[in-house]
Amino acid sequence: MKTALLNSHSENLRSPMFWAVSTSALIALVAGLGLLGFLIIESVPVFSRQGLGFLSGTEWFGPDEFGAWPMIYGSLATAFLASLFALPIALGSAVYTAEFLSPKPRLAVKAAMEYLAGVPGIVYGLLGMTLLAQWVRNVFDLIDGNSLLTAGLLLAVMILPTVTTLSEDALRAVPRRYRETAWSLGMNRVATAFCVSLPMALPGICGAVFLGVGRALGETVAVMLVIGGLDRIPVPWFNLFAPGQSIPSKLGREAAEALGGGYHWHALMALGLVLFVLALSLSLAGRWFLTRQRSA
Amino acid sequence: MEKGILVMLRAFTLIACGLLVFVLSAAIVRGLPAIDAVFLTAESKNFGLEGGIFYQTLGTLILISGAAAVGLPIALGSALFQTEYLRRAPRLKKSFRVLMDALNSAPTIVFGLVGYLVFGAAFGVSWLTGAFTLAVMILPTMQSSMVEAFEALPETYREAGKSLGMGRGAIIRSILLPQCFYGAATGLFLGLARAAGETAAILFTATTFSGVTIPESASDPATTLQTHIFTLAQEGLDPRAAENAWGAALVLLTLVFVLLSAAMWIRSRLHWESAA
Amino acid sequence: MSDQIPAVELRIAHVFFKNHRVLEDLNRQFPSRSVTAIFGPSGSGKTTLLRTLSRMNDDVEGFRVEGRVLIDGENIYSDAVEASRLRQKVGMLFQKPCVFPKSIYQNVVFGLRHRDGIDRKAVPEMAENVLREVRLWDEVKDRLNEWAPNLSQGQQQRLALARLLILEPEILLMDEPTSSLDPRSAEAIESLIERHAKLRTILLVTHNLEQARRVCGEIVFMDCGRFLESPPVQLPPPAGEELLKKY
Chain A
1 MKTALLNSHS ENLRSPMFWA VSTSALIALV AGLGLLGFLI IESVPVFSRQ GLGFLSGTEW
61 FGPDEFGAWP MIYGSLATAF LASLFALPIA LGSAVYTAEF LSPKPRLAVK AAMEYLAGVP
121 GIVYGLLGMT LLAQWVRNVF DLIDGNSLLT AGLLLAVMIL PTVTTLSEDA LRAVPRRYRE
181 TAWSLGMNRV ATAFCVSLPM ALPGICGAVF LGVGRALGET VAVMLVIGGL DRIPVPWFNL
241 FAPGQSIPSK LGREAAEALG GGYHWHALMA LGLVLFVLAL SLSLAGRWFL TRQRSA
Chain B
1 MEKGILVMLR AFTLIACGLL VFVLSAAIVR GLPAIDAVFL TAESKNFGLE GGIFYQTLGT
61 LILISGAAAV GLPIALGSAL FQTEYLRRAP RLKKSFRVLM DALNSAPTIV FGLVGYLVFG
121 AAFGVSWLTG AFTLAVMILP TMQSSMVEAF EALPETYREA GKSLGMGRGA IIRSILLPQC
181 FYGAATGLFL GLARAAGETA AILFTATTFS GVTIPESASD PATTLQTHIF TLAQEGLDPR
241 AAENAWGAAL VLLTLVFVLL SAAMWIRSRL HWESAA
Chain C
1 MSDQIPAVEL RIAHVFFKNH RVLEDLNRQF PSRSVTAIFG PSGSGKTTLL RTLSRMNDDV
61 EGFRVEGRVL IDGENIYSDA VEASRLRQKV GMLFQKPCVF PKSIYQNVVF GLRHRDGIDR
121 KAVPEMAENV LREVRLWDEV KDRLNEWAPN LSQGQQQRLA LARLLILEPE ILLMDEPTSS
181 LDPRSAEAIE SLIERHAKLR TILLVTHNLE QARRVCGEIV FMDCGRFLES PPVQLPPPAG
241 EELLKKY
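Residue numbers (my numbering), protein chains in the order written: chain A, 1 to 296; chain B, 1 to 276; chain C, 1 to 247.
Think of the hints as simulated: they come from the structure by calculation, not from any bench. Beta carbons: idealized from backbone N, C-alpha and C, even for Gly. There could be a bad hint or two in this list.
[Said to hold, decoys possible] Where chain A lies over chain B, by a calculated footprint (3+ residues, C-beta under 8 Å):
hint: 1; stretch: 38-50
hint: 2; stretch: 151-164
[What the hints assert, rightly or not] Under 10 Å between C-beta atoms, here's a sample of chain C residues computed to sit facing chain B:
hint: 3; residue: VAL60
hint: 4; residue: ARG85
hint: 5; residue: VAL99
[Claimed, not checked] Once the Cα atoms are required to be at most 27 Å apart in a straight line, the calculated DSS-like pairs of lysine-lysine come out as:
hint: 6; chain 1: C; residue 1: LYS102; chain 2: C; residue 2: LYS141
hint: 7; chain 1: A; residue 1: LYS110; chain 2: B; residue 2: LYS3
hint: 8; chain 1: C; residue 1: LYS96; chain 2: C; residue 2: LYS141
hint: 9; chain 1: C; residue 1: LYS121; chain 2: C; residue 2: LYS18
hint: 10; chain 1: A; residue 1: LYS104; chain 2: B; residue 2: LYS3
hint: 11; chain 1: C; residue 1: LYS121; chain 2: C; residue 2: LYS102
hint: 12; chain 1: C; residue 1: LYS18; chain 2: B; residue 2: LYS94
hint: 13; chain 1: C; residue 1: LYS141; chain 2: C; residue 2: LYS121
hint: 14; chain 1: B; residue 1: LYS93; chain 2: C; residue 2: LYS18
hint: 15; chain 1: C; residue 1: LYS96; chain 2: C; residue 2: LYS18
Required output: the full structure, derived from the provided sequences and hints.
Take a look at the structure:
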């Protein structure tokens, strides 16, 4: 007996519901594939002319060539900084919320994280520009507060709620019986949280961090306002107090000038493709970790 | 030792929650002085340095309504497709979910670039291009939330419908949608909140900075709170620009939080009902 | 709707879930207008058999039928048969009632909304009749607009049965319908089966041999996904006989 792909197809084909539903699914499919497809097609001229030199080039406006490395570096550096700053606080509050809080305050923390994640990027940008950049300038005695470090700090705030709430979910998913076993062995709650729950939730927490970093990579306007906008790798390369440029920030700055055509536009689309691939791989890795947590 | 760690954990949690308080109070302290009746109801003058943000607010509302009008049926349909019509094809179902995840992970500026190419080719830089772009952007947000709601409905409900001889369409219309109404509405409001807070995707697809009032035709650009704040922020030095930017930011933040609260309130009703 | 009440004929070679064989070699005729009990230990495949008869497992991943199930001489697993059309003839009552979060009345008439050729004016009377059939009318007649999930388990099951009966199914499949009910509800359902014995073709899965003996014309024994020729040896004698011996 054959297995029908779509169940009871004869019934489906005559049902208006089936047609309505599969049409919208088709549109969603086209939207998803179209997004990637357009990015690839539009960046073909760049990769066919420059090959991987596009990725390693350090001068954006080279003589009829474009180099994306400073932007890639800026994106990776700020995303790395963001996860570095966000992780201790996110993990700490996730452990505290999941292991030590009673249901009501726990829900309050979750709600606060949801609101924090909902704050528009542009509002973070405004905050970063008027407050954070000044603090960074004063504390580190810089000429200009707009730097890779400032962007990293701001991004840390922006991904904090994502990482916190997903890590908390992962910790909550650890079955209660493991905790109870640990308690019965005389371990206190702190030891249980760190030696039993945390290791078991590790895949989920990794997933949370990956998804958070993926978010950080894609953030545009907030970063644009505080990163400094200089397409150059700082000297020395780990000097994070220097201004820099991230991919979305570059795209946001220049897309309006180059809209629609010319090699400049194709170069921007290629940059967009690089960004999408980076964000996508992080997010897929993150989701993989999260499903592993669930099936564990 | 145990005490010390506990104190530290509590401090981290307070910092995380304190950030929300900090963001809110900063927006209120800096934005409230700018807000009065004139600011909310007048059009902006002198490149946003004077006047108000009436048309910006309107533009944001137009864009998110347009995005919801386009995105909602597609999200609902594709969520139903994934949960109800792909039951015997788990691989297809998984691929579809991965595709939606991929769409969800795409940086918003990328939606702007491709949206400009695709929808901009038809309508130019216009509110309609922006609404379509935002619709695609919030599609996975709404879809995944709806899938979650449909999957949470116990199978016994579908089987009760089947045992009465109802076809799949009838089950969807009379059982699934009424039972999952709150879940679907939660998804809608989460999507709206995400659209309202978005700047990069509409920066060069939908908006121009000044001189725009109500878009009258499909090819008219709009002006929005998000892009208004962005442009004012880049003006930098003029204190009037900063004050008006904060005023607009407070209005935007209020709008987004109202939408989020609606989503959260509806979702709490959902859990309350399934528990009953 | 044809006046003919169909018989059910099984010509099942195998039923699989993924690679797991759950039913095997089931060949049997259930005559029209008869009540047959299917009796066996849990896990013997009784419920699966019943669900197979109404194609309830169509959506289950990896479910596969080898062989034929004939209702009215037609194989219900052929491509020409629509599951929902089939289920309009073959009603199924589950072990646990699932009432919709609506009023009692709305639950009773729920399935009617999706049928053609229903005289709207007759609906309230039809509802009253089926509620009387399941002996629920006296308990709920004054509160038809109340929330159905607030009813007791037994009342919910009788409501589910009424909801099914209003659609006049020709074949009625019942999966341990009384297993977790109060005696009063169980009695109501049993008496309904007896009264409908000559109206429909009824298959009753039960754990309760007493019940099977009381209400069914015939008892089929199942174990490990097969029909048994004779009852399993460890079968207890009817409780009635035991009682007689005692006193």
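So, against the hints stated earlier in the document, which numbers end up violated here?
Violated: hints 1, 2, 9.
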